[in-house]
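Protein sequences appear in the order of chains U and H. Numbering-wise (the numbering used here), the first sequence opens with residue 1 and increments by one. Numbering-wise (the numbering used here), the second sequence opens with residue 1 and increments by one.
The hints are simulated quantities; they were obtained by calculation from the structure and are not laboratory data. Backbone N, C-alpha and C define an ideal beta-carbon position, used for all residues, glycine too. Some hints could be false.
Pairs of lysine-lysine residues, derived as DSS-like cross-links and limited to a Cα-Cα distance of at most 25 Å, are as follows [what the hints assert, rightly or not]:
{"hint": "1", "chain 1": "U", "residue 1": "K98", "chain 2": "H", "residue 2": "K211"}
{"hint": "2", "chain 1": "U", "residue 1": "K96", "chain 2": "U", "residue 2": "K127"}
{"hint": "3", "chain 1": "U", "residue 1": "K96", "chain 2": "H", "residue 2": "K211"}
Label-pair ranges, simulated between beta-carbon atoms [stated by the list, open to error]:
{"hint": "4", "chain 1": "H", "residue 1": "V156", "chain 2": "U", "residue 2": "S48", "range": "39 to 47 Å"}
{"hint": "5", "chain 1": "U", "residue 1": "S48", "chain 2": "H", "residue 2": "R324", "range": "27 to 35 Å"}
{"hint": "6", "chain 1": "U", "residue 1": "V121", "chain 2": "H", "residue 2": "P143", "range": "51 to 59 Å"}
{"hint": "7", "chain 1": "U", "residue 1": "T119", "chain 2": "H", "residue 2": "K103", "range": "40 to 48 Å"}
Where chain U lies over chain H, by a calculated footprint (3+ residues, C-beta under 8 Å) [what the hints assert, rightly or not]:
{"hint": "8", "region": "18 to 28"}
{"hint": "9", "region": "65 to 75"}
One-letter residues, chain by chain:
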Amino acid sequence: MNEMLGNQYFLSRNYPLAQTELERALEQNPSNTSVKKKLVICHIQTGSTERAVDLFLEIITHDIHSIIDTDPLFDNCPCPQLVYEMENSLPSPNTKEKILALGMLWLFCDIRQSLKYFTSVVTPNKKIEKIVTQLQSTIQQLQTTRSE
Amino acid sequence: MDHTFLTEHSIGILDSLPEGVYVVDKEFHIVYVNAAASSITGISRNEVVGKICRTFCRSERCELGCPITEVLRSGKNILGLESTLQSSDGTILPITLNASLLKNERGQPIGGIISFREKSGTDFGEYLNHHPHFYGIVGKSEPMKKIYKTIEQIAVSDATVLITGETGTGKELVADAIHKTSRRREQPFVKVNCAALPDALLGSELFGHMKGAFTDAVKDRIGRFEIANGGTLFLDEIGEMSLHMQTQLLRVLQEGTFERVGESVTRKTDVRILAATNKDLKTEIAKNRFREDLYYRLNVIPLAVPPLRERKEDIPLLAEHFLRKYERRYAKQIKQVSPQALDILVHYNWTGNIRELENAIEYAFVRSKRTDTLCECCLPPQLLNNQQCDGYKSIKEIEADHKTETILSLLRQHNWNKTKVARLLGVNRSTIHRKLKNIDQP
């Protein structure tokens, strides 16, 4: 029941309830990328950025295209709206959490913007370094594919 | 068409049914719509398959609680639930529906199925007599029913709407319902509170700005008109907007064009404007604080949301609604509002309208130690010392007054033909006589 119920809560933008159900669904099927993608957004929205980063890293290590290829309309993805609100929220400091959140959310829309945010983290830890490396190599692959 | 769920054979069977049927996958994407469903709604299968279910359902249930979600929560199928769908021309159709889950061999849900049929001989007006909700708005009083019907009538229009009403009456919910029933429902619904920002920032908020346009403009920023392109822009508290900003807004309304602050490039936008205010804009015009030409541009469809004191018959419904809302928030249950507390709520003047009522219920809910009823002793002190009593009519009397008004109005319309009015109301002629006994006839 959990995944489908979580999907419905996610659609209605009830992130705390979606998070609870989708975490349960992930316990039952730890390789479910679709669930992980939604959980990244839920954890960003509920303020558990660390968990979001862990899941984000897992996804981009195994299948970065599952995020890059998101269709905002088909997937009813909230990221464009969330990015707009976060970037345009009137004077709010660019905390590390906010930069990481924007970096993760931008990958659903634009990989270069995502990289820009992750490289702007002043004191990157190992996870962030891994993310930056992964994004840089994917951009390179995309450029090669395009030139071919 | 996705055949994961359905075989050619079962599709043939479903297409021959007189009931409308649609199937969604576990991500709530529509995978199948049968012929009857297309015929009832006027929405073709190809338009909706692969899209999120809301593009087809367009139902108030999407706001109140999706039937498939209810099945997921309760584990029980839903049978004969009364609801609405919206047809391609914007008409709201009363329906009864059944909902159940599709499961895989391990018993895990992989989708849901809804079957429905139109309620024969019932139009939207009659439906409203029995259902006190409309796209998230709670209320069954006559003024609210008029608002619901207007929203239904303007569903296919892109006309500008001016929503007026005192603070706390639910103008934003009305705007939300207009967007959700409109053709732009799949596009963004962007809200801007015109009173929340000073003039310079409001310009940047609405139109965007270029880096360096002013001291704090450290990067380019797109405005709400661009974000809302293709959708709806809700300008709340429009009466607070400066004359300078009104001029710029008027230009967007007239020409559909604007420039970002600090940029000379003219941009086009396709946005439907909904505006709201608690001010009397005609008075503002007389005081030279609001542009008359902008007023007429905005006031194409006027919608006046009544204050709570003019729809007291909705107070028990609203109280119940907030009780359920705070049950979820505070994870505690209170079955009902006590009759004494309800009486106090009904007779209070509610200058802060529904927002004040909600605050009062939350206050009482938090204070209450009982689980059976919300007792009057938990209500905020200003309600218990209420000096603005309206003559102390019970809720039943208030409802009775309202019914008598309806009868009188119908009698006037039909030349005092009691038989005809009795037939229209679906009651015996003797009921009309009994009602008239206690009132002065003209």
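Comparing the hints with the structure gives:
Between K98/U and K211/H the alpha-carbon distance is near 21 Å, which keeps this suggested pair within the 25 Å criterion. Under the criterion of a C-alpha separation no larger than 25 Å, the hint pairing K96/U with K127/U is consistent with the structure, at around 14 Å. Proposed proximity of K96/U and K211/H is supported: the alpha carbons are some 23 Å apart, at most 25 Å. The supplied range of 39 to 47 Å is met by V156/H and S48/U, whose beta-carbon atoms lie about 44 Å from each other.
At roughly 28 Å, the beta-carbon separation of S48/U and R324/H lies within the given 27 to 35 Å, and the hint holds. Evaluation of the 51 to 59 Å hint for V121/U and P143/H yields a pass: the beta carbon distance comes to about 55 Å. At about 46 Å, the CB distance of T119/U to K103/H agrees with the hint of 40 to 48 Å. Only residues whose C-beta sits within less than 8 Å of a C-beta in chain U count toward coverage, and the region 18 to 28 of chain H has 3 of them, enough to reach three; the restraint holds.
Counting residues of the region 65 to 75 of chain H whose beta-carbon sits less than 8 Å from any beta-carbon of chain U gives 6, enough to reach three: the coverage restraint holds.
Hint check: no violations occur; every hint is consistent with the structure.
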